[in-house]
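Undergrad: Same order as they appear, the protein sequences are chains A and B. The C-terminal position of the first sequence is numbered 227 in my numbering, with every residue numbered one higher than the one before it. The C-terminal position of the second sequence is numbered 1011 in my numbering, with every residue numbered one higher than the one before it.
Simulated from the structure, these hints should not be mistaken for lab results. Honestly, I wouldn't trust all of these hints.
What the hints assert, rightly or not - Interface residues of chain B toward chain A, partial, derived using beta-carbon atoms under 7 Å:
(1) Ile427
(2) Leu925
(3) Ala927
(4) Val978
Claimed, not checked - Cross-link-like lysine to aspartate or glutamate pairs, in silico, EDC-like; alpha carbons within 20 Å at most:
(5) B:Lys938 to A:Asp98
(6) A:Lys163 to A:Asp60
(7) B:Lys917 to A:Glu34
(8) B:Lys1006 to A:Asp60
(9) B:Lys998 to A:Glu76
(10) B:Lys496 to B:Asp547
(11) B:Lys836 to B:Asp697
(12) B:Lys1006 to A:Glu16
(13) B:Lys917 to A:Glu107
(14) B:Lys382 to B:Asp328
What you are looking at is a predicted structure, and each value in this text was computed from that prediction instead of being measured. A virtual CB, placed ideally from N, CA and C, is assigned to each residue, including glycine.
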Amino acid sequence: MSVINITDLEKIYRTEEVETVALNKISFEIKEGEFVAIMGPSGCGKSTLLNILGLLDDLDGGSFKFNDIEVSDFNERKRADMRKHNIGFVFQSFNLIDELTVFENVELPLIYTGIATAERKKMVDKVLDKIQIAHRRNHYPQQLSGGQQQRVAVARAVVNKPKLILADEPTGNLDSRNGNDVMQLLTDLNEQGTTIIMVTRSEHDSRYTHRVINMLDGQIVTQNIKV
Amino acid sequence: MFKNHVKIAFRNLFRNKSYAIINIIGLAIGIASTALIFLWVEDELTFNNYFSNKEQLFKIKDRQTYDGKTYVFDATPGPLAKSIKTDIPGIKYAARCTWGDQLLFSVKEKNIYSKGNYVDPDFLKMLHLDFLKGNANTAFSQLNSIVLTEKNATKFFGSIDVIGKSIKINNSESYIVSGVIKDLPENTSFNFEWLAPFKIFENKNSWLKEWGDNSIITYVETEPNANLADINKKIEKYITTKSEGSTVFLSLYSMNRWRLYDNFDEQGKEIDGSVKYVRLFSIIAWIILFIACINFMNLATASSEKRAKEVGVKKALGSDKKTLVVQFLSESLIMAFVAATLAIIITYAVLSPFNNLIQKHLSVAIFSPLHIVALLCITLLCGIISGSYPAFYLSSFNPVAILKGSKSNTNSGAGLIRKGLVIVQFSVSVILIICTIIIYKQIQHVKNRDIGYTKEGLLYTTLKGKLGKDFGSVKNNLLKIPEVKNACLNNSALLQSNSSSGDFEWPGKDASKSVLIGMEYVSPEYISTAGFNLKAGRDFYPDALADSTNIIINEALADLISKRDVVGTQIYRHDGGTKYTIVGVVKDFLYNSMYSKARPLMLFSDASKANYLTMRVNTNKNLKATLSKIETVIKTHNPDYYFIDEQFDKLFKTEALISTLAGVFASLAIFISCLGLFGLASYIAERRAKEISIRKVLGASVQLLTVLLTKDFLKLVIIACLIAFPLAGWFMYNWLQDYEYHIKLNAWIFVFAACLAISIAIVTVSFKAIKTAIANPIKSLRSE
Ligand SMILES: Nc1ncnc2c1ncn2[C@@H]1O[C@H](COP(=O)(O)OP(=O)(O)OP(=O)(O)O)[C@@H](O)[C@H]1O
Ligand SMILES: [Mg+2]
Chain A
1 MSVINITDLE KIYRTEEVET VALNKISFEI KEGEFVAIMG PSGCGKSTLL
51 NILGLLDDLD GGSFKFNDIE VSDFNERKRA DMRKHNIGFV FQSFNLIDEL
101 TVFENVELPL IYTGIATAER KKMVDKVLDK IQIAHRRNHY PQQLSGGQQQ
151 RVAVARAVVN KPKLILADEP TGNLDSRNGN DVMQLLTDLN EQGTTIIMVT
201 RSEHDSRYTH RVINMLDGQI VTQNIKV
Chain B
228 MFKNHVKIAF RNLFRNKSYA IINIIGLAIG IASTALIFLW VEDELTFNNY
278 FSNKEQLFKI KDRQTYDGKT YVFDATPGPL AKSIKTDIPG IKYAARCTWG
328 DQLLFSVKEK NIYSKGNYVD PDFLKMLHLD FLKGNANTAF SQLNSIVLTE
378 KNATKFFGSI DVIGKSIKIN NSESYIVSGV IKDLPENTSF NFEWLAPFKI
428 FENKNSWLKE WGDNSIITYV ETEPNANLAD INKKIEKYIT TKSEGSTVFL
478 SLYSMNRWRL YDNFDEQGKE IDGSVKYVRL FSIIAWIILF IACINFMNLA
528 TASSEKRAKE VGVKKALGSD KKTLVVQFLS ESLIMAFVAA TLAIIITYAV
578 LSPFNNLIQK HLSVAIFSPL HIVALLCITL LCGIISGSYP AFYLSSFNPV
628 AILKGSKSNT NSGAGLIRKG LVIVQFSVSV ILIICTIIIY KQIQHVKNRD
678 IGYTKEGLLY TTLKGKLGKD FGSVKNNLLK IPEVKNACLN NSALLQSNSS
728 SGDFEWPGKD ASKSVLIGME YVSPEYISTA GFNLKAGRDF YPDALADSTN
778 IIINEALADL ISKRDVVGTQ IYRHDGGTKY TIVGVVKDFL YNSMYSKARP
828 LMLFSDASKA NYLTMRVNTN KNLKATLSKI ETVIKTHNPD YYFIDEQFDK
878 LFKTEALIST LAGVFASLAI FISCLGLFGL ASYIAERRAK EISIRKVLGA
928 SVQLLTVLLT KDFLKLVIIA CLIAFPLAGW FMYNWLQDYE YHIKLNAWIF
978 VFAACLAISI AIVTVSFKAI KTAIANPIKS LRSE
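Whole structure, please, built from the sequences with the hints as guidance.
TA: Laid out in structure tokens, this is it:
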């Protein structure tokens, strides 16, 4: 079964002076359980692609099937609904909420999907244990190291048990040791069945994945499948 | 250096255009409101300042105590003025003056009603009236003379060269113009358009010779060095020396108190009159100004977090605290001056509607030194108040903390103060809303009160010429007009009763206690015309002579006389004279005060003292046609009609004005507060944009995010309501105690005010909140 299936996907940014074709008729398929890296030089459209795959942005042309459902014509509300039940995000700059504790940050997606308090607590505790940060559950993001913050961000992305995790340069702001911790976490998740798409510039990180999609100027250059 | 500050300040205002506009508009409205209020206050405080000898001018107050309650009047006996002038040293001038008379003046073809007073010659001298023609010494040397104001002379004759010209009065006698005086300014206690010798009035009213009849005003000017305590001591029991057994006490009442006090409690002690409104609105003016300043403080500290880096860097580079303070202060001062300029424009623009509202002719007079200094002070004050807190707050930032980016520590204190200030703003607004509603409801409550008869359709005109003598035939002719239902004569206009006495006795009455009883002299049709209900006994016989020793009393008096039937009981003055038999009891109707219960009243069937012709007409028909038919009967052009329902409404002039003003300033306070709230909401939305985006990515709905952004503000407004409730309640409870007939404080008024404030706040905040919530989250996440 394919989690994502896109054909001739287009995204064009129009500003007053220029028109940027950020994605130019891109097609590919991602199957359930895959771990895919998207690579390419700066400005080639990786983040744009990821945002569209994450239903955060709309597309200007082509078809986009998520779990075999055509979603290119979904409205804001339907997309939000699809998003909160199926997709987890990890960003390069962690994007934790400064005013909330570690526990509360991780709990947030569960609140939005409407899970009861007691159940929430159980689920959050479980993920925090798994990423070995439970002892810091009442700390604020500012009090954690970058690596710890990104692990919390990953925990927040997976607490809902989403089918798909989208990670935009998750190790970009981390040193290699912390980066490896995060990559290990993602690999573990993938082994437990979660599909992961990760934008990265690091050859080293791409080695954790099954497949690398190479992009250039809004187009796909190669999609090599590793063994 | 200074130039540099100004430059940076302007640059900052431009950079934060929307905040600057919010601040300036709020402050401009605040300053303009303050300016209007202070113009009004100035006018009130300088009342009668036109009279340079104001300190020496007095009117004589008469106080009488009945049943432990003291009543204070302006009415004094006719012989008083002349007598005290000779008897009491220190009194330079003393003059009698009538209450004010409306006369029909006929000059050639022109017939014009004009109001004025009959006064003694001393009156002209003590007020230093400015004679343009003639002079104060000779003006009243002839009996039938008259002094006109400049305006009036021009109205009648087209010029002021009118000495010796004759004017026909009320279609009967003629007065010769003996002087023209300059018009008095509006803010004096006098509004006469003509003055005529008191002698004319005296000759027609023999009762003016009585010491026991308190019926006219007496004005006094003392010698500049006179000992007031001495005069007061001599004057206090003066009447007792003339009229034995009198319980009337006199005292001097300074012109300084006429306008803003002239209110007395039941012990006869002076209490606040309209001065309380002058004080109240001065306070409101300052509060509105402060509310506007709060906007600047809040927005400045809020946006300062954006500027924290700038401050941190500057400090790291060695800029000291003082320079930073000066920079922020110059920003707020520049803003205050821009606002003041705008405020002047606003003030000019709204002055004429404001004048209409308060029934005055205030002018901005921007170049009067007092006004310039006042405006300057207010502007500086605003600039300094608004600027000082942000200045000291910002300049005390710890540069290390800021550059490290730990903003949560730096803003918690300021955040708290900001919340406090928003609470202050909304508390004030809610208090004003509650007061507006309660004052309005109180007025409506009294207006809708059953006053004992139907006001609508009742109108009266003052008796002139032979109208009173010929009443029999006039009435017959009036009743031939189908729209006229009935007509009668009476001595005080309905809604009032001007004569009263405490001399009456009846069998069984405690002789040591006197009861003040109102007296009305009426023609037999009085009760049926007004539509009063008889409770016992009968109405007057159509033949007035048959009832010459009979009276009809009201319920309030009947209750005092006996619990049982009082018809047949006799009432008489304690010094003997006629014994009057009660033949009827009329149900209570209100007169003089619409706020209290009806006071005891006697009706005499004696129209010889009548001053008014009262009619009941059918108002469903064309009123204008009816009136012109009436005019042909009473043979005057353009008579002075007074409709009771309109007169009734006029009784609430002060309260209605207070209610309108409270409403206006409540709206302004709310508006300025909301401007600030909008600015603050925009700022918060901006600051939380990233957080909102993250939440949105994690699945939060637009509604949820809007609530999230609105919630905090809502909390503040709710706290503000909780603070406002007891304050407004206490305040209004006390205000209502001034009125015997008043509404009860109702919880719904408070709930309504709270709902109003909350919904206005929600609309203001959610506008920005929704905009933030529906924005595409990628944008703000990217900008990190
Ligand atoms: N909101 C926008 N408006 C206009 N142009 C945009 C917008 N967002 C992205 N672009 C343009 O689209 C192109 C692709 O941008 P994108 O952010 O997807 O690149 P990227 O591959 O993620 O680069 P990087 O590796 O630097 O993150 C770029 O040329 C960029 O300038
Ligand atoms: Mg990118």
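Undergrad: Run every hint past the structure and note whether it holds.
TA: Hint by hint, here is what the structure shows:
| no. | hint | result |
| --- | --- | --- |
| 1 | Ile427 | violated (86 Å) |
| 2 | Leu925 | holds (5 Å) |
| 3 | Ala927 | holds (5 Å) |
| 4 | Val978 | violated (32 Å) |
| 5 | B:Lys938 to A:Asp98 | holds (19 Å) |
| 6 | A:Lys163 to A:Asp60 | violated (25 Å) |
| 7 | B:Lys917 to A:Glu34 | violated (31 Å) |
| 8 | B:Lys1006 to A:Asp60 | holds (18 Å) |
| 9 | B:Lys998 to A:Glu76 | holds (15 Å) |
| 10 | B:Lys496 to B:Asp547 | violated (60 Å) |
| 11 | B:Lys836 to B:Asp697 | holds (14 Å) |
| 12 | B:Lys1006 to A:Glu16 | holds (17 Å) |
| 13 | B:Lys917 to A:Glu107 | holds (18 Å) |
| 14 | B:Lys382 to B:Asp328 | holds (18 Å) |
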